[in-house]
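Knowing the structure of chain B, use the given hints to seat chain A on it.
First to last, the protein sequences are chains B and A.
What the first sequence shows, in this note's numbering, is residues 60 to 192, in sequence order.
What the second sequence shows, in this note's numbering, is residues 60 to 192, in sequence order.
To be clear, the hints were calculated from the coordinates, so they are not data collected in a lab.
Careful: at least some of the hints might be erroneous.
Same chains, same names: a pair is fine if it fits in one copy or spans any two.
[To be verified] In the DMTMM-like style, the derived pairs of lysine to aspartate or glutamate whose C-alpha atoms are separated by at most 20 Å in a straight line are: (1) K155 - D94; (2) K155 - D138; (3) K155 - E179; (4) K155 - D130; (5) K155 - E177; (6) K155 - E186; (7) K155 - D105; (8) K155 - E133.
Protein chains: 2
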Amino acid sequence: MAEGSRQFGAGSLITVLVVGIGVGWLLSSRQALLDRRACDGAGFEDARQRFADESMRRLDLSPEQRRVYLDAWENGRRDFDLALGRMRPEIDGVFKRIDDRVRPILSPRQLAVYDRLEAERRAHMPERPAGGD
Amino acid sequence: MAEGSRQFGAGSLITVLVVGIGVGWLLSSRQALLDRRACDGAGFEDARQRFADESMRRLDLSPEQRRVYLDAWENGRRDFDLALGRMRPEIDGVFKRIDDRVRPILSPRQLAVYDRLEAERRAHMPERPAGGD
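In isolation and in its complexed conformation, chain B is listed as follows:
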């Protein structure tokens, strides 16, 4: 037992392994939480992209099938944005009614965050088509 102070039994080894697994789990969970928050707050366009990626994964598409799928959805997205763009004045009215209720109850610090979040959200809304009424 000359090296007793630098040697450990099997029990210590198992303890250290369990602690290690716990630490690894916590570190990764923390990272996953930050990723999840970024993902949740990323807005509609980003959610749409992730939905398409996940759908293609679940469908197990070949590269050629992916090309057709993405192209069909890209065309669909354009048609959908065109329709949504025509609704833009109505949507702006909805946002304004929300702002009118929420902004007055916020502190100056919260208001700065709110305006940043909402500017990001609305930046992804399709524009009203030129010449449309």
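Coordinates of chain A only, in the frame set by chain B:
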């Protein structure tokens, strides 16, 4: 060194700790990946809910502020769904054009997955308002 076979040096201990951290990280990462996939494939309504939760977290709202915020957004969602419901025939046309391109290139197995995914997605679309034209 009588118990040499059941004892280990500091080096072994560090190795076991590192292995443990790695195993914990991998297990948690695997769980995070499954969670992420479920979240990515969950559709628009779910994404909208998670966006609201994340916005309220970033705004650091009090319970009373949360109540106003959620109520304002719930009203806004109803107005938005009403507008989107009036576009429903147009949106159905967009979905039909996508189906007409994608369905013919899928295998029977893929087609079954596609129809399930798309039925879920479309179930969350607002209905055309009764009495609308």
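Going through the hints against the structure:
| no. | hint | verdict |
| --- | --- | --- |
| 1 | K155 - D94 | neither (31 Å within a copy, 35 Å between copies) |
| 2 | K155 - D138 | between (25 Å within a copy, 12 Å between copies) |
| 3 | K155 - E179 | within (15 Å within a copy, 31 Å between copies) |
| 4 | K155 - D130 | between (35 Å within a copy, 14 Å between copies) |
| 5 | K155 - E177 | within (11 Å within a copy, 32 Å between copies) |
| 6 | K155 - E186 | within (16 Å within a copy, 24 Å between copies) |
| 7 | K155 - D105 | neither (23 Å within a copy, 23 Å between copies) |
| 8 | K155 - E133 | between (30 Å within a copy, 14 Å between copies) |
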